[in-house]
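**Q** Here are the chains, one letter per residue:
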Amino acid sequence: MAVSLPDNVLVTKLDELASWCRKNSLWPMPFATACCGIELMATGASRHDLARFGAEVFRFSPRQSDLLIVAGRVATKMMPVLQRIWMQMLEPKWCISMGACASTGGVFDTYCVIQGIDRFMPVDMYVPGCPPRPEQLIQSIIDLQEKIQREGTLSGREIDQPERQVLPRALRITKPERGT
Amino acid sequence: MIETPVIDGMKALFPGLAVSEFRGQVRLVAPPDQVHDVLESLKERFGFDFLADVTCVDYLDRPDAPDRFGLVYVLANTKANWRLVVRTHVGGAEPTVPSAVDLWEGANWLEREVWDLFGVRFEGHPDLRRLVLPDAFESHPLRKDYPLRGRGERHNHPFIPRSQS
Ligand code: SF4
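Top line first, the protein sequences correspond to chains G and U.
Sequential numbering of the first sequence, starting at -16, is according to my numbering.
Sequential numbering of the second sequence, starting at 4, is according to my numbering.
To be clear, the hints were calculated from the coordinates, so they are not data collected in a lab.
Some hints could be false.
Unchecked claim - Ranges between beta-carbon positions, derived for each pair:
1) G:N7 / U:F162: 25 to 33 Å
2) U:S166 / G:V(-8): 36 to 44 Å
3) U:T58 / G:F91: 15 to 23 Å
4) U:T58 / G:E39: 39 to 47 Å
5) G:A15 / U:D105: 34 to 42 Å
6) G:A34 / U:K82: 50 to 58 Å
Glycine residues also receive a C-beta, built at the ideal position from the N, C-alpha and C atoms.
My request is simple: use the sequences and hints to build the entire structure.
**A** The following block contains the structure:
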């Protein structure tokens, strides 16, 4: 049975529509505790212009944001604060661990630096580098958008699975072009 | 450069003081039970109105050190532009020195920091709590016998899974 639709009507799944909306309006919450924060600022500023990916609205309140970007090392005293900020963010939410320090502790293998925030909270994307270039952070946001589109659901079913392990995804490392 | 009358005057007041100099910086080394009186005279008689820093050095396994912890007080006379370092050495299971908060209010946080990181007690301090480390921390990590990677404090947090946050 053929159904004819006018040209301006598209058929899709509601989940896909919700994910499409979500991925193109990520509001980051910057948790910049060290030097990586400078690259995070550069990413948001005009030269690299995160607004091209719909993620330029940096919010300093966790209640208003849905993408936590942890940029810099996290001290043992700061970990409960970071966890509280993560808990205060409303679903749907995602987390990017930016830089060697946030992901592994980096060169700071000492008593007071957390050896990777993923030991104590979920992380969706890891960005390697010390510090990562803004292009790398932008790449991780593009990859995160892809992930949101792929597995996001309207009801958040994918989050309500206790046994679900958040596994790191290999990042595509793109060569920065010279002379741009 | 500090004037010799200060050094001579202090030596006359406290015969137990040792004086040393390195590249134009003068240090007075006082016994721990006299250090508060030494600081008080420097403030009242010689105009050292500013306590720039209180810090500490751990001389563990250094046979030439008089005692384990070397406390360092950096004083300044802001009118004459003098700087002077006062040192003292303490040791034992509970190293203790008198607090300087009654002389300079600014000693409050500096002494809390030394207590936090070296475990040197300051007798008479109004509020001797940890300054930088979490209150639940049990060690004093700038002591030389504390392991660099800690005793597991950095792993001592609950994991928050995605379904619970
Ligand atoms: S990864 Fe490098 S640039 Fe980033 S916070 Fe650590 S030391 Fe700084």
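**Q** With respect to the beta-carbon atoms only, verify the hint that A15 (chain G) and D105 (chain U) lie 34 to 42 Å apart.
**A** 40 Å, holds
**Q** For the range 39 to 47 Å, tell me whether the beta carbons of T58 (chain U) and E39 (chain G) fit it or not.
**A** Given range 39 to 47 Å: holds, Cβ gap about 44 Å.
**Q** Take a look at whether the Cβ-Cβ distance between A34 (chain G) and K82 (chain U) falls inside 50 to 58 Å.
**A** 55 Å, holds
**Q** Taking the Cβ atom of N7 (chain G) and the Cβ atom of F162 (chain U), is their distance within the range 25 to 33 Å?
**A** 31 Å, holds
**Q** So the hint says 36 to 44 Å: do the beta-carbon atoms of S166 (chain U) and V(-8) (chain G) match that?
**A** Taking Cβ atoms as reference, S166 (chain U) and V(-8) (chain G) lie about 37 Å apart, which means the hint holds.
**Q** Does the Cβ-Cβ separation between T58 (chain U) and F91 (chain G) fall within 15 to 23 Å?
**A** The hinted range 15 to 23 Å holds for T58 (chain U) and F91 (chain G), with Cβ atoms some 22 Å apart.
The structure is consistent with each of the numbered hints, conforming to all of them.
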